[in-house]
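A.B. asks: Residue strings, one per chain:
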Amino acid sequence: MRTNHYCTSYFLAGLISAAALVAPCDAQAQTVDYGSLQSLFGEPITTSATGTPQKASDAPANMTIITADEIRQSGSRNIAQILSRVPGLDVLQEGFNSFTVGVRGYQQLYQPRLLVLLDGRQVFIDDYSRTIWDNIPVNIDDIRQIEVVKGASSALFGSNAAGGVINIVTYSPVYDKNNVASASLGTQQSLSEDATITENGSWGGTKFSAGGLNAQEFGTPRLPFDDQIPSFDPQHQYFVNSSVFQLTPNLHANTEATYSNSTSNSIDGITYVAGAQKTTTWSARAGFDWQSPYGLITSNNYYNHSFVNFFEFNNGGVPYGITVGLLVSQLQDQFKIGTDHTFRVELEYRHKNFTNTGAEVVPQTPELSENNYAVSGTWLWQVNDKLSWTNAMRVDHEQMDQIGTLAPGVFSTSADYSHVNNTWSANSDIVYKATDSDSFRAGYGRGIQLPSLIQSGFDQIFIFDGFLPADAEGNPHLKPTIVQDLGVDYDRKLASLYSTLKLSTFYEYNQDIVAGLQALGIQTILGNPYFSFISQNVGSSYGWGGEVQLKGSHGGFRWDASYSLARVVDQPFVASTVDYQGSAPEHHFRLLFGYTTGPWDFDANGQYVTPDKILRSVDGGVTSSPISTSGYESLSGRIGYKVNDHITLALSGANLAQTTTHESPYPAVERQVFLNLTGKF
Amino acid sequence: MHNRQPLLKQNIPARIYSLTRSAMMLATGIILLAACPVCAATDQADLSVGMKTLPLLTTKITGVATLAIVYDPDNPTSKEEADGIKAVLDSGFEAPGDLKLIGALVPVGNLGKMARSRIAILTGGLSAYYDAISAAAENNSILTMSTDLNCVKSNKCVLGIASKPRVEIYFSKAAADAAKISFAEAFTMLVKLI
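Chains as they are written, first to last, in my numbering: chain G, 40 to 720; chain C, 3 to 196.
Note that these hints are calculated values from the structure, not bench results. Glycine is no exception: its CB is placed at the ideal position from the N, C-alpha and C atoms. Please note that the accuracy of each hint is not assured.
[Claimed, not checked] Over 12 angstroms on every C-beta distance to chain C, these chain G residues come out as not near it, computed from the model:
| no. | residue |
| --- | --- |
| 1 | E387 |
| 2 | V459 |
| 3 | W583 |
| 4 | Q610 |
[Unchecked claim] Pair ranges (Cβ atoms, derived):
| no. | chain 1 | residue 1 | chain 2 | residue 2 | range |
| --- | --- | --- | --- | --- | --- |
| 5 | G | T287 | C | K115 | 31 to 37 angstroms |
| 6 | G | S241 | C | A130 | 36 to 42 angstroms |
| 7 | G | V414 | C | S143 | 17 to 23 angstroms |
| 8 | C | A47 | G | N253 | 46 to 52 angstroms |
| 9 | C | A89 | G | V384 | 45 to 51 angstroms |
| 10 | C | T79 | G | G718 | 49 to 55 angstroms |
| 11 | C | S143 | G | T106 | 55 to 61 angstroms |
| 12 | G | Y483 | C | A176 | 52 to 58 angstroms |
| 13 | G | G637 | C | S143 | 45 to 51 angstroms |
| 14 | G | Y483 | C | E96 | 43 to 49 angstroms |
| 15 | C | K102 | G | G637 | 29 to 35 angstroms |
| 16 | G | R606 | C | A67 | 58 to 64 angstroms |
| 17 | C | A67 | G | G594 | 35 to 41 angstroms |
| 18 | G | H593 | C | E96 | 21 to 27 angstroms |
Work out the full structure, taking the sequences as your base and the hints as a guide.
C.D. replies: Shown next, in the form of structure tokens:
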């Protein structure tokens with residue numbers, strides 16, 4: 040049976056790849072000429088709303104695009120900190136280089152609802168279903184734009200795009216010539232270096248990026264128990280090579296290889312105790328784009344490998360390790376029928392493989408395998424010059440198997456793991472451009488959040504916290520969380536104020552929320568009693584709110600003022616286990632202001648977040664409870680000086696408002712200041 | 003006062019004539035205004051938008067290229083528009099990438115001159131010559147564009163250009179196929195197909 044699954048899976052993967060080789064293809068992030076299209080239309084181009092290229096102002100989604108200029112002006116060298124400027128996102132810093140990004144009030148450590156992609160490749164890790172922000176292998180100076188979509192987007196991007204998607208788009212190796220090097224030196228003894236070189240011509244292009252960071256962790260006090268957990272110096276090294284080969288004017292092949300190694304100190308999203316993690320990831324990708332008589336056919340195939348070593352229990356410093364392999368093969372065709380109908384159809388195969396190791400008292404070799412087959416489609420109907428209607432749907436068929444060996448007596452046996460999940464997701468959005476200055480969007484989304492691999496298949500029998508014999512198990516019978524949302528947006532250009540006003544409202548309903556490792560009772564394994572913990576579906580939750588933003592520029596000045604509101608109401612079991620309603624910062628104010636004169640740039644970003652309650656364990660993870668915070672204000676900024684056409688010197692800072700800022704019950708964050716030297720050639 | 007009444011009576015036909023003439027002028031104005039978007043003269047912004055489409059051709063135009071400016075010498079408006087385009091090109095117009103454009107005036111009576119060009123821009127007022135121009139373009143695989151949207155809408159030009167109030171590109175696949183010209187598929191997803 041297992042062999043059959045493998046045969047079927049790899050046969051389909053091979054079929055998709057072969058089809059991609061003999062069929063036509065194009066429109067992958069790396070092969071869309073974003074620069075030329077943006078220059079032509081005078082606004083950013085995105086593929087994150089429908090999968091097909093669109094002007095940002097036409098996108099049928101609640102979308103924010105952070106441009107390369109805005110990234111530079113932010114002064115930040117960290118993607119999560121850059122995201123803090125987006126209304127509706129809440130960025131919580133847990134350590135020097137450790138962050139959690141929540142969307143529309145649904146704040147959660149190990150955020151599983153926000154899918155993150157780098158040039159269309161998933162950098163979201165399926166172990167806990169989360170993004171390890173400090174491990175993303177990208178040079179900040181090589182990012183063309185960051186596209187943020189709020190709301191369910193699973194119909195386009197698959198599971199875990201349940202609350203939104205972030206797509207990081209870098210400069211193209213074939214269309215852009217980005218040669219840049221930078222070095223930063225700052226507080227916490229931080230030193231970072233990044234460089235990108237690009238070589239291109241009529242044959243195509245290739246790009247190499249590499250960089251590294253070394254720093255000391257914040258020295259702010261930790262809880263007594265937390266001090267028993269090792270804390271490491273934050274560090275990161277990465278290397279990326281991506282290439283595009285123009286085989287014919289209509290056929291491009293692309294390859295990519297990445298490696299990234301990072302260390303960060305964070306808070307464990309299950310036990311709410313301090314922890315440290317050392318993460319190593321690598322990936323390999325190949326694909327092609329063919330502009331065929333049948334439309335633009337794109338093949339995107341990649342393999343991601345991640346290994347995370349966790350240090351979070353008082354067990355003599357022995358970590359537990361999690362290995363995830365992810366194979367994705369996608370074949371997509373985009374085409375127009377007539378003048379008003381654009382279609383996208385896609386086949387996808389996805390294989391996940393998961394193992395965990397650690398200081399086990401009863402040896403097991405669990406290995407969870409998931410095969411996922413999906414078909415999806417998008418139909419964009421340009422009804423007339425003012426009205427468009429977009430519909431998207433995706434159907435997933437997932438097969439799960441436990442192909443390792445489990446100890447006799449554990450709660451879920453291998454037979455329990457052999458089952459199938461069928462899910463569907465959808466989006467429907469109407470955009471009405473009433474005038475050249477006013478546009479409305481109304482949309483519905485149904486997203487899927489699959490249980491994480493840890494929640495589905497973690498198995499370890501160990502001595503928890505040095506004294507508690509514990510059996511921590513995944514639960515193969517978990518139901519996926521279904522997220523349904525409704526949103527209405529209104530954009531108005533205010534020419535007299537050189538600004539654009541954006542108003543957004545949303546309502547979302549979450550069904551079958553999953554909570555990790557809930558106490559189940561005593562389980563007898565090999566004649567000995569163990570406290571069993573297992574992931575469970577814990578109920579539903581709904582949230583509502585909105586964002587108001589006024590953003591503009593004139594005469595060297597730029598401004599971006601926004602307010603976001605998010606209210607979440609959990610069912611009791613959700614509130615006591617995940618506690619979305621407590622941890623949602625209800626009100627979030629932002630004011631960004633900048634001015635450019637001659638070679639000088641001045642930028643400041645002030646934020647205020649109202650109080651919330653965040654889960655925290657004070658007893659080493661045995662229990663956890665919500666701890667109230669008093670809210671916080673933060674200030675970051677940058678002063679840049681362009682020495683000449685190639686060299687820029689900048690002084691930047693984060694958390695400048697106070698020496699230390701208590702964003703959460705986790706260790707306070709320290710003020711950070713650094714000097715950056717950037718050369719572009 | 004005494005003279006006015008007879009004068010009014012005497013002028014009734016003239017007033018009717020005047021009103022009629024005013025109404026006709028108003029209607030003509032409304033028609034012209036309504037038609038304005040499809041017949042706007044090409045200015046620097048339009049030219050810039052048109053040239054920014056060139057990097058999106060699947061077969062790139064690089065180096066030095068001649069841009070044919072097709073006009074009707076018997077139509078003063080067309081001639082003025084052509085001279086304006088030539089003046090913009092001659093005054094250091096910055097083309098995308100490493101492309102260097104040289105403008106060449108091509109009167110509709112001498113379309114053979116188009117053969118030396120890779121790109122042609124048509125002024126307004128050439129509808130009577132669309133067939134001849136498109137035939138010349140097809141024979142020489144020339145990318146044709148115009149701010150006169152009637153040209154692209156009648157499938158005689160490959161591109162129709164509008165830079166105001168926002169950039170809109172109209173694309174005739176029939177004209178492009180006939181001239182053996184193709185653009186990146188991403189581009190065709192962003193334009194208005196004819």
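A.B. asks: Does each hint hold? Answer for all of them.
C.D. replies: Hints, one by one, checked against the model:
1. E387: holds, 20 angstroms
2. V459: holds, 36 angstroms
3. W583: holds, 33 angstroms
4. Q610: Nearest chain C Cβ is 43 angstroms from G:Q610, so the label holds.
5. G:T287 - C:K115: 31 to 37 angstroms: Once the Cβ atoms are compared, 32 angstroms apart, the range 31 to 37 angstroms for C:K115 and G:T287 holds.
6. G:S241 - C:A130: 36 to 42 angstroms: holds, 41 angstroms
7. G:V414 - C:S143: 17 to 23 angstroms: Violated - the Cβ-Cβ distance for G:V414 and C:S143, about 40 angstroms, lies outside 17 to 23 angstroms.
8. C:A47 - G:N253: 46 to 52 angstroms: Taking Cβ atoms as reference, C:A47 and G:N253 lie about 50 angstroms apart, which means the hint holds.
9. C:A89 - G:V384: 45 to 51 angstroms: The hinted range 45 to 51 angstroms holds for C:A89 and G:V384, with Cβ atoms some 49 angstroms apart.
10. C:T79 - G:G718: 49 to 55 angstroms: holds, 51 angstroms
11. C:S143 - G:T106: 55 to 61 angstroms: violated, 37 angstroms
12. G:Y483 - C:A176: 52 to 58 angstroms: Check failed, 37 angstroms falls outside 52 to 58 angstroms.
13. G:G637 - C:S143: 45 to 51 angstroms: Hint holds: Cβ distance 47 angstroms, inside 45 to 51 angstroms.
14. G:Y483 - C:E96: 43 to 49 angstroms: holds, 46 angstroms
15. C:K102 - G:G637: 29 to 35 angstroms: holds, 31 angstroms
16. G:R606 - C:A67: 58 to 64 angstroms: Given a distance of about 59 angstroms, which is inside 58 to 64 angstroms, the answer is holds.
17. C:A67 - G:G594: 35 to 41 angstroms: holds, 37 angstroms
18. G:H593 - C:E96: 21 to 27 angstroms: holds, 24 angstroms
Comparing the model with each numbered hint stated earlier shows that hints 7, 11 and 12 do not hold.
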